[in-house]
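Line order of the protein sequences matches chains A and B. In terms of numbering that gives the first Met the number 0, the first sequence is residues 0 to 212. In terms of numbering that gives the first Met the number 0, the second sequence is residues 0 to 212.
Mixed in with the good hints, there may be bad ones.
Copies of one chain are not kept apart here, so a pair can be met inside one copy or by any two copies together.
To be verified - With a straight-line cut-off of 25 Å between C-alpha atoms, the simulated DSS-like cross-links for lysine-lysine are: (1) K139 <-> K129; (2) K85 <-> K182; (3) K139 <-> K78; (4) K157 <-> K207.
What the hints contain is simulated information worked out from the structure, not anything from laboratory work.
Single-letter residue listing:
Number of protein chains: 2
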Amino acid sequence: MGKIKLTPRQEEIIILVKENPPITSERLANKLGVTRAALRPDLAILTMTGILDARPKVGYIYSKKPSYSLVYDYIRNIKVKDIMSKPIMTTEETMVYDAILHLFLNDVGTLFIHNNGNLVGAVSRKDFLKMAMGGTDIHKVPVGIIMTRMPNIVLVEKEDSIYLAAQKIIEHEVDSLPVVERKFESGKEIFQIIGKISKTNITRLFVKMGENG
Amino acid sequence: MGKIKLTPRQEEIIILVKENPPITSERLANKLGVTRAALRPDLAILTMTGILDARPKVGYIYSKKPSYSLVYDYIRNIKVKDIMSKPIMTTEETMVYDAILHLFLNDVGTLFIHNNGNLVGAVSRKDFLKMAMGGTDIHKVPVGIIMTRMPNIVLVEKEDSIYLAAQKIIEHEVDSLPVVERKFESGKEIFQIIGKISKTNITRLFVKMGENG
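Let the hints inform the model, and build the full structure from the sequences given.
Now the structure itself:
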């Protein structure tokens, strides 16, 4: 996957457009001492890559953004399985105190509650903090009492796009989503937990995208 | 900012490359019944936009990803001030219990602690939860006791790129950064809090980038 290598003339065009926005192809051709026809391929490349923006009957302006469709395609092509991390889990009998310790030891924000590897609930730092505020004895209450229970958990599957995962995180105001594999066991749908996607995964991907490719 | 509009011949080239990877420009020209020279501008556009990947001495292959440099430029050009949100603040005399209530009422993960609008500390859900676990009376301890204190707080300024902010969030493993304006008051540097950037802001931006532009 190559980086865009602009020709010296294309670089020159960008400078001229930045200095004289909006500028028509005619004025650009004049300034460069070439014909409009000779400029056409360069202008095509510069507008198609989104570096310049062509305004009909007005001229070219500099656009700092790439064509959305490129960023859009890029984001839609990354799958949940490409960046998901290991889920941190416990069972619903675990006491709240021990569950919080488990959360801290693994430095995560959400614990997924499982039964034989299948998703039954989720509990977040926020849920724990609310509970601790209430003055309940966290040594005597199991996590099953305070968790959000299936089917009220927003989830994704490994072939989903990371875009869909990010959208669900924002829409449902959660920090983290379990990644599950749907199965049928004696006629009942079950959700095996195979990973998780959090705002941290998205932020890390964002940093990776911004690295000098 | 236009979307990429490919010509019918460019679309045809993409299909041929997808079906016969890797394919040389010679074979492509043959299949299309044109000269190699006639194909050159199309191949230039398709590789510069990152749709095709040119492998020297091997041929062209289809790349679903756009050129990194475009995504890179896009991300580096968005500034902190473009997407920052309102910071939620309190003073260091506030009791931990009231600070947690303030956190919940505003549905945020971090409180910034200020003195006359200037940053003196920060405290997160994680800090509060740790404290609550310890069994201390949260009605009697002020937030100043448990907060992370300046200068140990990672911060950004409004003209910084959002890429830098995301990088700091990942590197320092924090959920949220205060956005500050540096000032000098009687020879001392102070940091006025003017906003915040969290993983939520980055995730929301990611979703916006993936929307059909």
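Cross-check of the supplied hints:
no.: 1; hint: K139 <-> K129; in the structure: both (16 Å within a copy, 18 Å between copies)
no.: 2; hint: K85 <-> K182; in the structure: within (20 Å within a copy, 43 Å between copies)
no.: 3; hint: K139 <-> K78; in the structure: neither (41 Å within a copy, 48 Å between copies)
no.: 4; hint: K157 <-> K207; in the structure: both (20 Å within a copy, 22 Å between copies)
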